[in-house]
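Visitor: Residue numbers (my numbering), protein chains in the order written: chain F, 1 to 218; chain H, 1001 to 1242; chain L, 2001 to 2205.
The hints are simulated quantities; they were obtained by calculation from the structure and are not laboratory data. Nothing here was measured: the structure is a model prediction, and the numbers come from that model. All residues carry an ideal CB built from backbone N, CA and C; glycine is no exception. Be a bit skeptical, because a hint or two may be false.
Unchecked claim - Residues from chain L that face chain F, not an exhaustive set, calculated with beta carbons under 10 Å:
hint: 1; residue: Phe2023
hint: 2; residue: Gly2035
hint: 3; residue: Asn2037
hint: 4; residue: Gly2038
hint: 5; residue: Arg2046
hint: 6; residue: Ala2070
hint: 7; residue: Val2075
hint: 8; residue: Pro2077
hint: 9; residue: Phe2092
hint: 10; residue: Asp2096
hint: 11; residue: Phe2113
hint: 12; residue: Arg2129
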Amino acid sequence: MRIVLLRDLKLAMRVGGGFGLAIMFFLILVVLVPFGIGPDAALLSAISPGILWIGALLACLLSLDRIFSLDYEDGTLDHLAIAPLPLESVVLAKATAHWLTTGLPLGLISPLLGLMLGLPIEGYLWLVLSLVLGTPALSVIGTFGAALTLGLKRGGLLLSVLVLPLYGPTLIFGAEVARRGSAGIELQTPLLMLLGLSFGVMAILPFASAAVLRINLR
Amino acid sequence: MSLWEYANPVKFLNLSTRALPWVSALSVICLIVGLIWGFFFTPDDYRMGSTVKIIYIHVPAALMAINSWFMMLVASLIWLIRRHHVSALAAKAAAPVGLVMTLIALITGAIWGQPMWGTWWAWDPRLTSFLILFQFYIGYLALWKSIENPDSAADLTSILCIVGSVFAVLSRYAVNFWNQGLHQGASLSLDKEKNVADVFYQPLLLSIAGFVFLFLTLVLIGTRSEIRIRRASVIAARKLLL
Amino acid sequence: MVLSVLDLCVSRSSQVLLANVSFELAAGQALILKGPNGLGKTTLLRAITGLQPALSGQIIAGEDSFAYAAHADGVKPSLTVAENLQFWADIFDNQDISSALSAFDLNELKSRFAGMLSAGQKRRLGLARMLITNRPVWVLDEPSVSLDKASITQLEEVIKQHLQNGGAALIVTHGHLDLGSSCRTLSLDRYKFNRGVYDDAEAFL
């Protein structure tokens, strides 16, 4: 699994593009929000945790279709499917690579954007923590969606339609942690739920994704 | 003789040809009696006035919206385990019916909610859950539409249905956590004490039965046409070779 | 026998292509499958390697026997030739990529990015992957496409070497490969299925 992961990271570095694009998208999206909502600092401060979470979610979503498509087109997936490592771990490696190149950097850069939106000082730690702990779930769920739409022409839009409803619970718990954190109230329950969700999908969903991949490869 | 015999498409067609008139007649009778009884021969609620009468559409539609997904889940499992085509096609046929039921529940809910809560829409957990269910139906149908090979489509949508069911339950809990709402508890449940007075309860049961039969009728018709479409393509494929 | 195929039927999009295909392949043997386009050769190979389910019939082979090479070789343009091979070497737990490199004369290109290779060079890189897998049965789908004469000779040598080491090869090709006396040719024409759709779909009639 480590091998696939390292190769994917190397590919992401070499090609560049994807690595930075999701973050650029996130930046631009968050900058656009005040244009739509108005420059009222109090309002922006109040909604900033939610905006940052939705921005991160969309940035994750838009980079999903590249998880498998290149490996599918050049035949790598065929070879991996009959290689001695289980397809489930290939899926998990792919999701991890996606997280390391989108979710994690998004989480780390979010304080900067929080600053611009006037996020209260108590909120930064929780914002970063919620994104770092919650985006793995987004990557794993997204990998399932990417596997489902593999090889479909115009799969991109379908991918969004399939994945967005599945993102609901993660967004609710993740944004709740960030929101409660910035309001300085108790947040143990949503934080635990978010953790449980991330680990739960990591444990179960790769099996569904691998099954879907096998169907799409035949 | 086992029930699985009717998993054969031709046997299913024969059986459903015989069953369809009965099921559809039952649905019409139950709906007419239930709705007329409900609309014209029950008193107004002391609190809600005559608006309560939308319950005879709202509650059955909401029930069927959920049960239809549940039926799709069972049919998907049967397809994945036993690979009966009828099962996959029945799941496919149930989806649009479920989608429309969800829409009816949402719309009647909005119409009912306006005089009751003073708003067409509220981000109440129940309403939100139905909105999420609506999205799940859309995704499921979109996936069916976009895959050409019918067997692959059945496989993939079945897996999506199973994963979607898990996430639907998760969403329900998440949404409950997110907002404790204004919607009253379930109006009807078999294990709890009923909290709707008998006068409303009996016609309600009748219209629920009507909706169940209506659902059956529509799913039967849908499955039959799906079977015929597959049949036509099988025949066409044959002609091509001969 | 390293591979026995018994009464295999394969289909593509609900259409049976080949029916009752049977053959055996012993260690040290190669089998070349011939047939016109669209007959289902690729589908047959994919079914044998387990990439897609067969409709019926049996494939008897040891676990993890197959190495598969097809039109798409899984070559990453942004990795160097050596890195491409090293990836598969790690996957297959085999640390020796130098013999694979020299077998296909890729040593000089070792540190070049695969994206800068010509089609034939890329093809050789894809085929070099087979040597790394250490798998006994090579399943090759059109291996000689875009190879020049010298490279084809190289390919023949590598396959012969593989056969001598106790391996086996199942090859679909339109060209000519000279693999010596241990090679048979099987024409798939007689397995062509003419009756149309498969049993499963018959249920709809």
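Visitor: Hint by hint, note whether the structure agrees.
Guide: Hint check results:
The interface hint given for Phe2023(L) is violated, since its Cβ lies 20 Å from the closest Cβ of chain F, which is over the 10 Å cut-off. Nearest Cβ of chain F to the Cβ of Gly2035(L): about 21 Å, over the 10 Å cut. The hint is violated. Interface restraint check: Asn2037(L) against chain F, minimum CB-CB distance 20 Å, threshold 10 Å, status violated. At a threshold of 10 Å, the smallest CB-CB gap from Gly2038(L) to chain F is about 18 Å, leaving the interface hint violated.
A hinted interface residue such as Arg2046(L) counts as satisfied when its beta carbon comes closer than 10 Å to some beta carbon of chain F; here the least separation is about 7 Å, so the hint holds. Against a cut-off of 10 Å between C-beta atoms, the interface hint on Ala2070(L) holds, since the closest Cβ of chain F lies about 6 Å away. The beta carbon of Val2075(L) is positioned within 10 Å of a beta carbon in chain F (closest approach about 7 Å), and the interface hint is therefore held. A least Cβ separation of about 9 Å between Pro2077(L) and chain F falls short of the 10 Å threshold, and the interface hint therefore holds.
Here the hint on Phe2092(L) is kept, as its CB sits about 7 Å from the closest CB of chain F, short of 10 Å. Proximity of Asp2096(L) to chain F is violated relative to the hint, the smallest CB-CB distance being about 16 Å (cut-off 10 Å). For Phe2113(L), the interface hint holds, since its Cβ comes within 10 Å of a Cβ in chain F; the closest pair sits about 9 Å apart. With 10 Å as the threshold, the beta carbon of Arg2129(L) comes within range of chain F, its nearest partner Cβ sitting at about 7 Å, so the hint holds.
In this structure, the earlier hints numbered 1, 2, 3, 4, 10 are contradicted, and the remaining ones agree with it.
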